Every structure is written in structure tokens, then in C-alpha cells.
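K.L.:
The listed protein sequences correspond, in order, to chains D and U. Throughout the first sequence, residue numbering follows numbering that gives the first Met the number 0, covering 0 to 423 in sequence. Throughout the second sequence, residue numbering follows numbering that gives the first Met the number 0, covering 0 to 423 in sequence.
Mixed in with the good hints there might be a few duds.
If chains are identical, the list can't say which one is meant, so a pair holds when it fits in one copy or spans any two.
[As the list claims (entries may be wrong)] Below, a list of computed lysine to aspartate or glutamate pairs in the EDC-like style, where the Cα atoms sit at most 20 Å apart:
(1) 213 x 202
(2) 66 x 274
(3) 217 x 202
(4) 213 x 297
(5) 35 x 364
(6) 35 x 24
Since the hints were made in silico from the structure, they are not lab data. Fair warning: this is a prediction, and the values are worked out from it, not measured in the lab.
There are 2 protein chains.
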Amino acid sequence: MTNTDVDIMTLMSDLGARARVAAQELAQSTAEQRNKALQIAARSLRERSNIILAANQTDLEEARQRKLSGALLDRLALDDKRIEAMASGLELISAMADPVGRVLQAWQQPNGLDIQRVSVPLGVIGIIYESRPNVTADAAALCLKSGNAVILRGGSDSFNSSREIHVCLVEGLKAAGLSADCVQMVGTRDRAAVGFMLSSMTEWLDVVVPRGGKSLIKRVQDEARVPVIGHLEGICHVYLHSSADASMAREIVINAKMRRTGICGAAETLLVDSDAAARLLPDIIAALVEAGCEIRGDAAVAAIVPNVAAASVADWRSEYLDAILSVRVVANIDEAIEHIAMYGSGHTESIVASDVTAAERFLRDVDSAIVLHNASTQFADGGEFGMGAEIGIATGRIHARGPVGAEQLCSYKYVLRGTGQTRP
Amino acid sequence: MTNTDVDIMTLMSDLGARARVAAQELAQSTAEQRNKALQIAARSLRERSNIILAANQTDLEEARQRKLSGALLDRLALDDKRIEAMASGLELISAMADPVGRVLQAWQQPNGLDIQRVSVPLGVIGIIYESRPNVTADAAALCLKSGNAVILRGGSDSFNSSREIHVCLVEGLKAAGLSADCVQMVGTRDRAAVGFMLSSMTEWLDVVVPRGGKSLIKRVQDEARVPVIGHLEGICHVYLHSSADASMAREIVINAKMRRTGICGAAETLLVDSDAAARLLPDIIAALVEAGCEIRGDAAVAAIVPNVAAASVADWRSEYLDAILSVRVVANIDEAIEHIAMYGSGHTESIVASDVTAAERFLRDVDSAIVLHNASTQFADGGEFGMGAEIGIATGRIHARGPVGAEQLCSYKYVLRGTGQTRP
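Assemble the whole structure, with the sequences as input and the hints as a guide.
P.N.:
Here it is in C-alpha cells:
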């Protein structure tokens, strides 16, 4: 091992051991304490906004020197509005019902044993994320709300901003009589820390939640030995069934693609039944082009709408996160479901159809975390589900799927109350 | 890579790809089909019992030549009664409610979107187990019930027995019009197959469920890159609070330790409050010794009960799975909870107490999958919970905790029904 490896190991083991102790403390804390910590942290974010903005300027200058793209700079940039959004986010999470200690199920066995399944915190959660500094506040708040200790490993681009946001969170913890170790930040930009979290912290981390682009996801898949709640890409589809209402189809497609192009619930591919393509596509594509969207279509699309760029298989597999839409004409609902199974990422897909039987078929047979009928894929969001906030949309199938809020950061235990029962 | 590595890779990739296709077929199968497959498999087990018993004789002879212990030979051995138990187990699972397609939650958002959380199969499950041949039937049945394709990797000791049991399962699948690939068995005893399942089948396996002893668990912890529903050891505790009723305490301790000593829910350590030790221990220890149990106690125990062997820290960490009990006197409930946090395995712990406040404190603060008040730890069993059957007791915190039945082998998806909603 190099000296750096030893340093990382020492640093991370220390964080892990502290987090484990903090998790025990949190498990015995009250909801009032955890909520108070969130409220004070929100106040601290507002009070310290100038310090946070100054730190953010440092990050932005360094990022410009490293020639980061405009989209990345935008994710990284904070302003008063974004700080206020973070603060009110913490208050919103604070006001939500306590996800811990809920009786999820209760029944009595014939022998008189009362059995309850009760929600409990997961323990210690590792969050690995990239340039958005607001994830520091959001992720920590959801972990704290659900009684979990958290180790945050933010992107090196937002290192200074995240550190100042972290100061506010610690202020909240202290004011509520909780240990600062409940929310810890990895104090190095060394990427070896990510590798260590993924491979060598099974003793201290109950689960890792990675949030980021393809290189992070690839790394998680290659290296993870700790359990992962996975957030892969969102190659989301809108499928227009032959029974689709034309104006509803247009509204949904434009919203699903263009409302915000950079989020994981944005539509990337439009599928249209062949016997409705001529009726629906010209109007929709004209509106999209007007809104600044590039269209890449298959041959059948090109036959209907002139001057459309050709789509290749690479397009079906692309999460553009940009104002680009691939469009394919399919023979029928079977081919649409097959296309989604083949090229989709199991995130979010929507069918627009007046035919309810077709819609129910799609909702049942499309195997994605979120399936919608007659609604935009951009509803793929914990807030829109009424969960208050989310840490991301899980595309894995283990533990949590779809939006991951405070409730999904809980495990459960079985509590049995008896009167002396022994097993025959 | 050696030729063997290539062979294993080819074999396992083929199993994986087939399982993935079968999982898609199963996701669209009806509960009636899956239940019929289980019923026909049960009938086939009874009809082919002589063939299964002959294969089991071959396994037993080979095991005796390899000088397997009596306990292992007992786990491996089948007789008419055990085959009937397997068959009726399949019928019991077949009769249970369908765990797939259940609406777990349903609500409407203010914008009119109807949201449902609906249970769906996990996909493809890998089961890695050891010498008990009945796991072949039980595990496959739970996977099939919950709409999952399964790849079974049984112990090499029970290879011939499991292969014949597998024939019965395939007969059931075929009779129900389902593909034989829904339940596949790894057709080699090569232990490299286990390594391949753990490390290289992320594309095909949604989760691996290991069932076995410490060497398997160690291997899973070292090598797993696929998600794991973990079943570690069961270092279960009974804690006698100072308020415990003497006769209830005796009945529960004897049952928790001696009903069956080889199961994971058997008690391994007894903790007793110091101000109740003299009242409770002599009688309990006498009864245990009478029943053939070896006692290993700390100094305080030895001071009360003469001729007790000395317990060391190694005893607090031991899952004996045998007629041995370690006994420790603790100052109070705090020390009991600390002892369990330090040495327990998060499986199952019971408090015997008349004082309800103390009991509720224990139930809340002991962080184990199952906590009981005034009942035996041997209730740690899916059947005893009313789940029909189980694949084991999960001691991890991700996805499933406690008994893992058909319901725990499901994931969920969100189904949203709208009327043209777009996101503002």
C-alpha cells in the first residue's frame, strides 16, 4: 500500500467507526430532536448564505479553470434562490411524518403471540454524489429524518460549497443535542476514498447510494461490496398508442421531453404506433422543433416528416439529458413493450392511449420502476409522489425502487409480545 | 483463464441467460399456473420417492466415505417422512395468497394522478445452499410462487438427491405450461460455480440468497458483487430481567436452548440480572444439565452454581448449534443490551420480564431482526410467523430482514394513472 492508501484507510475507518456510534445514538433519539436539527440547519443555511456563496464562487472559479461544461457549471452554481430552496427543503422534510417506529403490519398468531413489523433506521448510509452542492443538504436531511447516520462523499467540484453547507447541518445537530458524527463529510478530494467506501467499508456502511453519471455507476458496478441502492440512467419512453388523443399526446410528449431536459425522468425516446404515426407525428415534431428540440427518427419517421436526422441503435440506448429526442414507429403495443425491454433502463415509461385495455397491458407488462398512463414521465420525482423529497430514483429491484425518500431509507424489525409461549 | 474457468463461465452464462428469459415468461404467467406447477411437483415428489431415496443413498455413502459428521449426515438424509414434508410444503405454498400484483399502497395526488405501489417479482434469484436436499424444493417453491426464475446451487454432498428433486420440480413446470428454465440447477459440483455466481452474474441475477455455514458466509462477504439477502449466524440471547417469573423463565430458556439445538433461532447465551441470578439460575441450570446441556458461565455464575465450566469471550461470540449454553450475569438491562450489541449477530433475542416498561425498552433498543418478550427464541421461523414457509432468516438490513418468505422475494413498481397530466 502507498502512503496515500494508508491515509485514506485511516481517514475512512475513522469516519466509519464514528458513524456507527452515531447511528446507535440516532436510533435512540426522538423525532423531535431530529426535526429540530433540520429546522436549525435550515436557519443556519439562510444566516450563512454569504459564506456559502463565497465558497461556491471559489468552486466555480476552479471549475472554469478546469473548463467544465456549461451544464456542469449550472449544476454547481448556487444563488440566493437555490440556498432558500435548500433551507425550505429541510423544513419540508422536518414537517413530514416520522418514518421510524411505524407499525407496518400487525397480527396475532393462534398461539397468542402478537407480531408487529416495525420500521427502523437502516443504520449508516454512504452517499456518493457529484457536482450538485444541494445534494449535501437534501441527502443528509433524508438520512437524518429516517434516523440514519450518513457519510457524504460529494464531488470534488463542489468541495468548498458542500463543506460550508455541512457546517450548517452540524450546527443543527448540535442545537438538537445530537452528535456531529451523525452527518460526516469525507474531507478529501482523493477519488480513492470512493473506492474505499465501495469495497472496504462493509463493517461500517449498511448501504451506499450513488448519485451521478455513467463513470460513477460503472465504478459502483465494478467495485461495490457494500449493498447499493442503485440509480442508473433514465432512458425514459413515451409510447403513443393508436388510440391516443392527439392534443393530449402532444402536450405529454412536449412536457416529458422539454420541461427540463437534464433530469433522469426526461423522455429520451418516443414510440408511435404505425397506424397513428401520420396522424400524430407531424404536429408533435413541429412543436418540438419549434421548442428547440433535435429529432432523430427511423426510416418510417423520415417518410412522414421530412428533414429528420436518422436514428441508429446508439440512439435507442442514449440518455441524452439534452434537447434531443429519438423517435421510432412500432407495429403495435407488443413491439413497443419489446423495444422498452431491449433498450430501456427500467426507470420510467408512459403510454398515451384512450384504449384502457391497451393501457393496462402496458402498465402490467412494462417492467420499469414507474409506469404511467396518460401522464408525463417528468412526474418521476419523489416530491411529485408526495414523498416530500427524494435522494434519487432507484432503478435496481432490491430494497427500494422508484423515488427513494425517508421511508425507503428504513429497514424493519419484528417485535413479538408473548405470555410465556414456547415452541412445541 | 484455465479450461475449467472457461467451462464454468460458459455453463453459468447459459444458465443466466435462460433464467432471464424464463423470468420474463414468469412475470406474465398467472398465479394459477404457478400454483399448479407446485401441486404437480408435490405429486411427482411422492410418486418418485423411491428414486429420490436411492439417489440419497448414493449421497450418503459418498458422505460416509468422506467422513462427514453425524450432524451433517442427519441433514443430508432423506426418508419417506422428509419427502412427504417436502411435498406438503409445496402444497402449502401453492395454497398461499398470491404475493405478486398486490396493491401495497394507493393514493391520489392533488393533480388527480392515481398512484399505486404494486408488488412484482424480483426477477432471477440465485440460491446457494449446503447439504440439506429439502432446500431444493422449499427454495424453488418460494421463488416460483413469487414469480421469480431461480438458479439453484446446492451443496455437492446432496448433489444426487437434489438432482432428483429437481426433476420433480421440472415436471410440475411442464405440466403447468411453464418453461423448465424457471427452475434450473447448476449441473456441476465445481465450487468455482459459486464464485462465478457471486462475482460475475450481475447481468443475470437480481439477488443471491446464500444459506449455509461460516465458510460460505465468509466467501459471500469477500466475493459478492451481486446483491445479497444475507443470512449470517444466529447468536441468539435470552435475557432474564429481575422481574422475570421463575417458572416462565425456566420454560422459555429450556425451550429456546434445547427444543432443537441445531437451528439458527436456538439460544446460545443466557443473560441474567445480578439481583435475580440466585433466585433463577440454580433451578434453570439444573434442568438444562438434566436435559443434557453443557453450561459455560462467568465468575458470577460459578459463584451461584458450583461445577460450572468457565466461559471466555470466545463463548459470547459462539454459535454452538449444539447442547451448550453460555451464561453471564449482568448488572442490569443496560448491560444486557450492551452485551447483545457487542456479541450478538442481530438475529433473535428475547427478554423474560413481568415489568412491561423494561420489556418495551428491550424491544425498542435491541437492534435485531426479531425481538421477543416472554416467548422462546425458537419462534424465529417463517412458518411460526404465519408466512407458510421461508428461505431463511435475513440478518442484513437491506430489502428483507427476519424470515424471508415469498412476499420478501418481491420488489414493487409504481403505477400511475392520469388524464393527461403534465408537470408544471
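K.L.:
Evaluate each hint against the coordinates.
P.N.:
Hint check:
no. : hint      : result
1   : 213 x 202 : between (27 Å within a copy, 17 Å between copies)
2   : 66 x 274  : neither (48 Å within a copy, 71 Å between copies)
3   : 217 x 202 : between (23 Å within a copy, 13 Å between copies)
4   : 213 x 297 : neither (26 Å within a copy, 55 Å between copies)
5   : 35 x 364  : neither (44 Å within a copy, 22 Å between copies)
6   : 35 x 24   : within (16 Å within a copy, 50 Å between copies)
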